[in-house]
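With the hints as your guide, set chain X onto chain A.
Sequence order for the protein chains is A and X. The first sequence begins at 228 in the working numbering and counts up one residue at a time. The second sequence begins at 228 in the working numbering and counts up one residue at a time.
There is no bait here: all hints are sound.
Since copy identity is lost for identical chains, a pair holds within one copy or between any two.
Taking lysine-lysine and the DSSO-like style, the derived pairs with C-alpha atoms no more than 27 angstroms apart in a straight line are: (1) K324 to K352; (2) K262 to K541; (3) K554 to K266; (4) K451 to K321; (5) K554 to K451; (6) K321 to K351; (7) K533 to K262; (8) K230 to K262; (9) K327 to K306.
No lab work stands behind these hints, which were simulated from the structure alone.
So you can see what is in the structure, the chains are spelled out below.
Number of protein chains: 2
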Amino acid sequence: MMKLRLFTPGPTMVSPDVLLEMAQPLDHHRTSGFKEMFKECTELLGYVYQTKCQPLILTGSGSAAMEGAILGCCKPDAKTLVCHAGKFAERWVKILKRFKLPHVEYKLDYGHGFKAEGVADMLKKNPDVKAVIFVHSETSTCALSEAQGIAKVCKDHGALCLVDGITSIGTIPFKMDEWGIDVAVTGSQKALMLPPGLAFAAVSDRAWQVIESHDSPSFYNDFKAYKKSQADSDVPWTPNNQLVRGLRFTLRQIKAEGIENVWKRSASLAKGTRAAAKALGLTIYAADPADSVTGINIPAGVEDDKWRKSMRSKYGIHVAAGQGELKGKMIRLNHMGYVDDVDTVGAIAAMEWTLAEQGYKFEMGAGVSAFMKAVKG
Amino acid sequence: MMKLRLFTPGPTMVSPDVLLEMAQPLDHHRTSGFKEMFKECTELLGYVYQTKCQPLILTGSGSAAMEGAILGCCKPDAKTLVCHAGKFAERWVKILKRFKLPHVEYKLDYGHGFKAEGVADMLKKNPDVKAVIFVHSETSTCALSEAQGIAKVCKDHGALCLVDGITSIGTIPFKMDEWGIDVAVTGSQKALMLPPGLAFAAVSDRAWQVIESHDSPSFYNDFKAYKKSQADSDVPWTPNNQLVRGLRFTLRQIKAEGIENVWKRSASLAKGTRAAAKALGLTIYAADPADSVTGINIPAGVEDDKWRKSMRSKYGIHVAAGQGELKGKMIRLNHMGYVDDVDTVGAIAAMEWTLAEQGYKFEMGAGVSAFMKAVKG
Numbered sequence: 228m229m230k231l232r233l234f235t236p237g238p239t240m241v242s243p244d245v246l247l248e249m250a251q252p253l254d255h256h257r258t259s260g261f262k263e264m265f266k267e268c269t270e271l272l273g274y275v276y277q278t279k280c281q282p283l284i285l286t287g288s289g290s291a292a293m294e295g296a297i298l299g300c301c302k303p304d305a306k307t308l309v310c311h312a313g314k315f316a317e318r319w320v321k322i323l324k325r326f327k328l329p330h331v332e333y334k335l336d337y338g339h340g341f342k343a344e345g346v347a348d349m350l351k352k353n354p355d356v357k358a359v360i361f362v363h364s365e366t367s368t369c370a371l372s373e374a375q376g377i378a379k380v381c382k383d384h385g386a387l388c389l390v391d392g393i394t395s396i397g398t399i400p401f402k403m404d405e406w407g408i409d410v411a412v413t414g415s416q417k418a419l420m421l422p423p424g425l426a427f428a429a430v431s432d433r434a435w436q437v438i439e440s441h442d443s444p445s446f447y448n449d450f451k452a453y454k455k456s457q458a459d460s461d462v463p464w465t466p467n468n469q470l471v472r473g474l475r476f477t478l479r480q481i482k483a484e485g486i487e488n489v490w491k492r493s494a495s496l497a498k499g500t501r502a503a504a505k506a507l508g509l510t511i512y513a514a515d516p517a518d519s520v521t522g523i524n525i526p527a528g529v530e531d532d533k534w535r536k537s538m539r540s541k542y543g544i545h546v547a548a549g550q551g552e553l554k555g556k557m558i559r560l561n562h563m564g565y566v567d568d569v570d571t572v573g574a575i576a577a578m579e580w581t582l583a584e585q586g587y588k589f590e591m592g593a594g595v596s597a598f599m600k601a602v603k604g
Numbered sequence: 228m229m230k231l232r233l234f235t236p237g238p239t240m241v242s243p244d245v246l247l248e249m250a251q252p253l254d255h256h257r258t259s260g261f262k263e264m265f266k267e268c269t270e271l272l273g274y275v276y277q278t279k280c281q282p283l284i285l286t287g288s289g290s291a292a293m294e295g296a297i298l299g300c301c302k303p304d305a306k307t308l309v310c311h312a313g314k315f316a317e318r319w320v321k322i323l324k325r326f327k328l329p330h331v332e333y334k335l336d337y338g339h340g341f342k343a344e345g346v347a348d349m350l351k352k353n354p355d356v357k358a359v360i361f362v363h364s365e366t367s368t369c370a371l372s373e374a375q376g377i378a379k380v381c382k383d384h385g386a387l388c389l390v391d392g393i394t395s396i397g398t399i400p401f402k403m404d405e406w407g408i409d410v411a412v413t414g415s416q417k418a419l420m421l422p423p424g425l426a427f428a429a430v431s432d433r434a435w436q437v438i439e440s441h442d443s444p445s446f447y448n449d450f451k452a453y454k455k456s457q458a459d460s461d462v463p464w465t466p467n468n469q470l471v472r473g474l475r476f477t478l479r480q481i482k483a484e485g486i487e488n489v490w491k492r493s494a495s496l497a498k499g500t501r502a503a504a505k506a507l508g509l510t511i512y513a514a515d516p517a518d519s520v521t522g523i524n525i526p527a528g529v530e531d532d533k534w535r536k537s538m539r540s541k542y543g544i545h546v547a548a549g550q551g552e553l554k555g556k557m558i559r560l561n562h563m564g565y566v567d568d569v570d571t572v573g574a575i576a577a578m579e580w581t582l583a584e585q586g587y588k589f590e591m592g593a594g595v596s597a598f599m600k601a602v603k604g
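Isolated chain A, as found in the complex (with noise of 0.2 angstroms):
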């Protein structure tokens, strides 16, 4: 007998629930329970994101809205930003560059998060910047940026401002209208608790003026499409629409949890985890710590793969590796989804106990004990 646990910051845990109501019989997707069911997912996406618009629904990974975005909001005539210190924001650097579009570049050292003063800087440098592009929660390194001040620099610059809330939106607080975002991304293997398959991009009037007013060079991940099929409750093309089905079913229950409630959660498991991490002696490679995702730097004499792979084998916890020139040097735990302080307690008793297996020196039940204490209340 072997549970799986993901705690891989997407795919996250799926509710069986969740996977029994996409088991239903399939429907077709010109129907009016279709329209009706679409038109629900797209409100309380809204919802999700905090914003009036009304979110788009790509079948795709995260990817396919990203290159959507920049296609239709960076023009060929235009200057973007694009901050970059993670593996994903080097995903929006290289789409820039595929499509030969005018970029400069901001980066920092992996781990740090962007802060408003720093984009403020940039664009005071860079007066022609049209648009601007940074991750809110960069999933390799596990760093928070500073939304609600970029996207007010970048309103008071009068520049685009495109998040990738991949692994932010539905996780840690993120209001699209309130901050002021123009364009913000995600897909549905993260905190909307679904398999992969579905990306989804709100956009701003703001936004939709720049996209409407050229042709981008794309035909599958062009927003312009996809909006006019939109009016209608519609997509223009075939979508994933048992996921959809599934959409509808993960944003019911957390419209129920409500979105404050949801972002505690992954606070208060966050919070919790790194205290376990303290109390085991490991420490925490960002800088500037997110909430939906932990990483913990491999301490001196601990094998990775080892360590992993033992974790998974022996207690079905998968937890993620570090990813290009960050493997080997961490492991990172998901707070996103449908994931409780319950499985967390279990996550972190695992990982106790296989570093104890590599004479990892502690206290056990230190990290436990510290995680139980410190989401208490």
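Just chain X now, with coordinates in the frame of chain A:
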């Protein structure tokens, strides 16, 4: 109690077995288990395509693979011949236009399939054509093109042969390698008996040479990125691993039935459906009917909407309407995937009962009897 039977040519019916397979606990896609599953899928897809190459698996609708195929194979300095006589072929034209790629159009009246001779004539008139695109089975008109003959003509001319096999592969005879096809795309929600959300593209060595000779203006649907990852049984963007699990299940079913038997089943259902239509005094829309889906003209005096809605609400039989300018002129019945003689007898019975409601004159049971005789033995 309402039992729904999807007779739409995509999404087609999904078996409860497959839905439950996809309701199994979700695992991560960066595991050896997923790699094995993925590898098995690409190998079995090769069997369905009748090719030695291992088809790419994209997370997206069929249109994602269409975009990738065009951006890879139709270079800005080369001319493409695009054959069109229906809504889906027109999508290929739209993609060429959107990316301002040089092309010449070969248009036939709706309902007709393309023949080798006609394509050869067009190539003679346009010797500089480097790629030919056609739809094998045009879902909107239910017409079949001569894939084998056209592929030969392309090869003789030295042009790449790109086939939209979205409603042909896995349903009607399709032999990628033997026929010399260069790129063939399909989607998960047709003959592969899954919900929508995955797209597939098989690519010949000849086509890879072209794709690898330039940097296509594509990021998400970049075949080169997929090829690079696939060498390690991986994908460039987070895959819909729930659908990949379902895919392994349905591909194993196809392998067990034998692809030739699957082809025979569709052909028999189509033959029986055409016989039923004839016995009811109805006519077939396509001059060159395909065996994947049958388009039946709506007879004088019968209202399209009323007919289809009555079939669905009273008998759970959901047939497709005509698309675009064919709306109101025809209904379409699917023969792809998880559909058998008994299902189709039921669909024809529902057609008859609901035709009678509108005062259409015929001998009740004549359609069903004709179907039963046609498919027997």
